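Residue numbers (the numbering used here), protein chains in the order written: chain A, 1 to 344; chain B, 345 to 709; chain C, 710 to 1037.
Warning: the hint list may mix true and false statements.
Examples of chain A residues lying across from chain C (beta carbon under 8 Å, computed) [what the hints assert, rightly or not]:
1) Tyr43
2) Met69
3) Leu72
4) Ser105
5) Gly108
6) Thr135
7) Leu137
8) His139
9) Gly142
10) Ser143
11) Leu318
12) Asp320
Everything labelled a hint here was simulated from the structure, so no lab data went into it. The structure presented is a predicted model; accordingly, all values stated were derived computationally and were not measured. Where a beta carbon is used, it is the ideal one built from N, C-alpha and C, also for glycine.
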Amino acid sequence: MPPIPMANDMTNFPPERLLDLRDLAVTFATAEGPVRAVQGVSYHVNRGEVLGVVGESGSGKSVTVRAIMRLLARNATDTGTIRFAPDGEPLTLSGQPRDSKLMRSLRGNRIGMIFQEPMTALSPVHSIGTQIARTVLLHRGGSKSAARDRAAELLARVQLPNPGEMLDRYPHQLSGGMRQRAMIALALACDPALLIADEPTTALDVTTEAQILDLLRGLQKDLGMAIVFITHNFGVVADIADRVAVMYLGQVVETGSVDDIFYAPGHPYTKALLGSIPRLGAAKRHRLQTIQGMVPDPYHIPKGCPFHTRCDHVRPGLCDVTAPPVFSPRPGQEVRCHLTGGAA
Amino acid sequence: MTDTSRAESHFTASARTLMWRRFRKHRLAVVSLVFLVACYLAALFAPFLAPYPPDKIEKLQTFVPPQMVHIWDGGPAWPFVYELKRTRNAETARVTYEQTDKKIPVQFFVRGAEWSVFGLGTSDLHLFGIEAKKQKLNLLGTDSLGQDVFSRLLYGARVTLSAGLVGVAFAFVLGLTMGAISGYYGGRVDTAIQRLMEFIRSVPTIPLWMGLAAALPIEWDPLFVYVLITLILALISWTSLARVVRGRFLSLKSEDYVLAARLSGASQTRIITRHMLPAMTSYIIAAMTLAVPEMILGETALSFLGLGLRPPVVSWGVLLQDAQNLRSVALAPWLLTPGLAVVLVVLAFNFLGDGLRDAADPYGQ
Amino acid sequence: MLRIILTRCLWAIPTLIVVSFISFVIIQLPPGDYVTAYVAELRRGGEYLTDTQVELMRQDFGLRDPILWQYARWITKILLHGDFGQSFHYNAPVSSLIWDRLGLTLLLSTISLVFTWGIAIPIGVYSATRQYSVVDYVVTIFGFVGKGIPEFLLALILMWVGFSWLNMDVGGLMSPEFDTAPWSIAKALNVLEHVWIPIVVLATSGAAGLIRVMRANMLDELGKPYVETAYAQGFSERQVVWNYPVRVALNPFISTVGWALPALFSGDVITAVVLNLPTTGPLLLQALKMQDMYLAGGFILILSTFTVVGTLLSDILLAWSDPRVRLG
Ligand SMILES: Nc1ncnc2c1ncn2[C@@H]1O[C@H](COP(=O)(O)OP(=O)(O)OP(=O)(O)O)[C@@H](O)[C@H]1O
Ligand code: SF4
Ligand SMILES: [Mg+2]
């Protein structure tokens, strides 16, 4: 893919935009050969907007956001542009080394991150209050007691009961939902412009999941921050997201507003995913297993359209030879499929 | 029935193949395995491989340095050694050996001292030797009595290496039983056994070993002493094995297939022997492999201190007693070779055990 | 916290009782007793005792009483008067023989322990954070070799190197000429020249094991999600590593601290025999060989007590450092 010139980049960055990925590709060097986990992902997030990222396990959702955070494993190399404009001027994050000053000043400060595993994502040997206060101290300075007060305030904001008491609790004394709330408080420590939530509710039961989603939605409104919300679950996306990016095998196969995606999905993969959501009344959580065949392993990504091994509408001779370009059936919706382009 | 058992054997075979594949990736572990097999074979065939009996004293060939076997003499040559000339330093009264130019060819399949072929008969065949009146072939030199260190090392390997295995066998029986009981029944029984293990671990090993070993009367039959020493070593080291077994049992107990077996009404012994034990064998083999070097080190240390096996039994620890005297070591550093052998074998067992453990646990560290 | 300390202390008491009883039983185990050994020694010297003399001697030493009675007498004296009984061989009170040597053993072990930790923790952490680097390989090899080489062999080799190659006077705590001399710089230097071998020997075997433990713990911890969380807060690598995973990785480490000291004592026994140090080791060996039971029993009892106390200490330390243990 031809590199997009820098000048073009700048003009391409409207003021309402917060985060912009162009052709992000990540490759892991492993003993069995290179794993191309992400190959040419482009998506963007506007200020105050919630982007839902959906896709099966292994589609590269987490790797993409780790590339944004510059927290990729040491065996990874990445190309493409990542730009982030927390306060006006866009900063180029791509190419920043893991331990760079810029990244350290952004992480935990302008970008907060929540992880999937509330059980293990907090340090087991420090109290909740200490962990939050440390982040506050790191980015905002000030006295220890001020940081502690801030921590109590955050715990109250995520609706933990008795925030003053919670400060001295250790993660193992909290339930899963409470830990996830504490985790959210930690991510919000410095009022980030962007919150990355990597499957924050997958490990929780349905009731707790609904409560956490409620909380996130409320916080998002109050604080006006943008969220990249990663999930397996289309139901959750409908609940929280403004726009959706659907990922398959390291590519974004379709993006669009929630309504576009739900009512006029363009990509066969999106359709299949939607088809696998149980209708009203059935259990909400559902693993996306009803698509025929298996996800190909990342060492042998199919030629042409990566989905052609499982697609119901596959055009032999076309789909398994030529990678489909991006088509735009309507403004704001983009689909990577020959069908959308009119191939019949 | 035949159908399920065939399916089962297919399943276990493929699991084993997978393990073997993972194991083979550990180069060091594979090399160690080969090395250890070679060591045990050498120990088994020690009388044939060793050119001389371990206790053959040569008053006139004390502290002979190791002799190089040459295979190059301006060109490839039949293996030979140079003849040694023995001189006595008039001042220090110390015997020294000098190489002369005379070559003595090494011969293979020579006749020598008789040895018993696994109790089936006797033979006097040895793999190699030399034909010389005043000299012997001492690959690793001789000690203060003129005994061939190489031959003694081979004979010592029989005792030391087998002590490791026998000790682990004892520890295995103890550890497996206690660990299985502890892990399977849980509750009070578990607590009691845990306390016992904690207690045994809280006794300093070496003094306890020494105390127990010192309790063995000197005049007892060496073979009996040998068994008791290994038993003493096992008495202390079974706890680590029991811990592994217990941990596995605890985690396996909760796994679905045990539950399924229980729901389908299988008896407890059946659950243990049919389902839980096979699932743990690989872990246990790894833990046992890692326990062998402890035993070997224990035997060596005790014998070295004069509390374990005693001459005329030849073990590596006994051989190292000769190296206790600093002056002998300074004069004849080759007396330390049994130590080198100990280190190599212990390392090999450690590497092998690590490799096996990693192969047994695909998700492990 | 206080409850944990109390329960652990209470647990230690039965353990100590059993340990002391076992110490006593061990020294009773050998067929025959000190008198047998003594008579045998006299006979070698050409002296003979009549059966009545032997019997009188036994009664004199109280060897005819039932074992529980002997044990009770022994342990009461120790507890009430600090009297460990009489060494038959030295014909002197055991306590007068033990304490000097024990002090030196404790000193050597503590120095080695400090060395061991000072080396093992940073190296273990570094080698885990730089997995598969050259340093990591070197450290791993050191760990393996250190584990594979028995202490006495390392002591022998170092002695041989010091003696044959560095022309040093090795063995013992100092050269004989300083034995009775008053303390001076020359004497101190001489002691240093002797004492490095036991410290290196003890620290090597200890450090090898601890580095392996620390490295493995760290590798376990570094892969855990909370480490990524810490990075996601914007901490630098050093801040993350030392504040989070090291803190957690030290916990299992701390629980083995209690065993480090006894392990050092054990190592010291053999090392000291080889190096001919005036510590507990050689005396214990001799006592065992001579079946000088009160002396040997005293040693085993004290060493075991140290172990039990060490385990107790590490339990308490662990509870103090790990909220998961402390708060249940
Ligand atoms: N450090 C790594 N080394 C090698 N391969 C990796 C590494 N990290 C991720 N991968 C590979 O990258 C691919 C994408 O992984 P990623 O974690 O982004 O998936 P995901 O979409 O987040 O899935 P999930 O829903 O399970 O979290 C996977 O095939 C994974 O095997
Ligand atoms: S390009 Fe072809 S194979 Fe790929 S999704 Fe579209 S129709 Fe299916
Ligand atoms: Mg993920």
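Results for each hint:
A cut of 8 Å between beta carbons decides the hint on tyrosine 43 (chain A): the least distance to chain C is about 20 Å, and the hint is violated. Proximity of methionine 69 (chain A) to chain C holds as hinted, the smallest CB-CB distance being about 6 Å (cut-off 8 Å). Because the closest C-beta pair between leucine 72 (chain A) and chain C is about 11 Å apart, greater than 8 Å, the hint is violated. Because the closest C-beta pair between serine 105 (chain A) and chain C is about 7 Å apart, less than 8 Å, the hint holds.
Hint status for glycine 108 (chain A): holds, given a least beta-carbon distance of 4 Å to chain C, under 8 Å. A hinted interface residue such as threonine 135 (chain A) counts as satisfied when its beta carbon comes closer than 8 Å to some beta carbon of chain C; here the least separation is about 5 Å, so the hint holds. With its C-beta approaching chain C no nearer than about 10 Å, leucine 137 (chain A) sits outside the 8 Å limit, and its interface hint is violated. Interface hint at histidine 139 (chain A): satisfied, since its Cβ lies 6 Å from the closest Cβ of chain C, which is below the 8 Å cut-off.
Given the 8 Å rule on beta carbons, the hint for glycine 142 (chain A) is violated: about 16 Å separates it from the nearest Cβ of chain C. At its closest, the beta carbon of serine 143 (chain A) sits 19 Å from a beta carbon of chain C; the interface hint therefore is violated under the 8 Å criterion. For leucine 318 (chain A), the interface hint is violated, the least distance from its beta-carbon to any beta-carbon of chain C being 42 Å, above 8 Å. Annotation: aspartate 320 (chain A) was flagged as interfacial toward chain C, and the flag is violated, the nearest CB pair being 38 Å apart, outside 8 Å.
When held up to the earlier numbered hints, the structure conflicts with 1, 3, 7, 9, 10, 11, 12 and fits the remainder.
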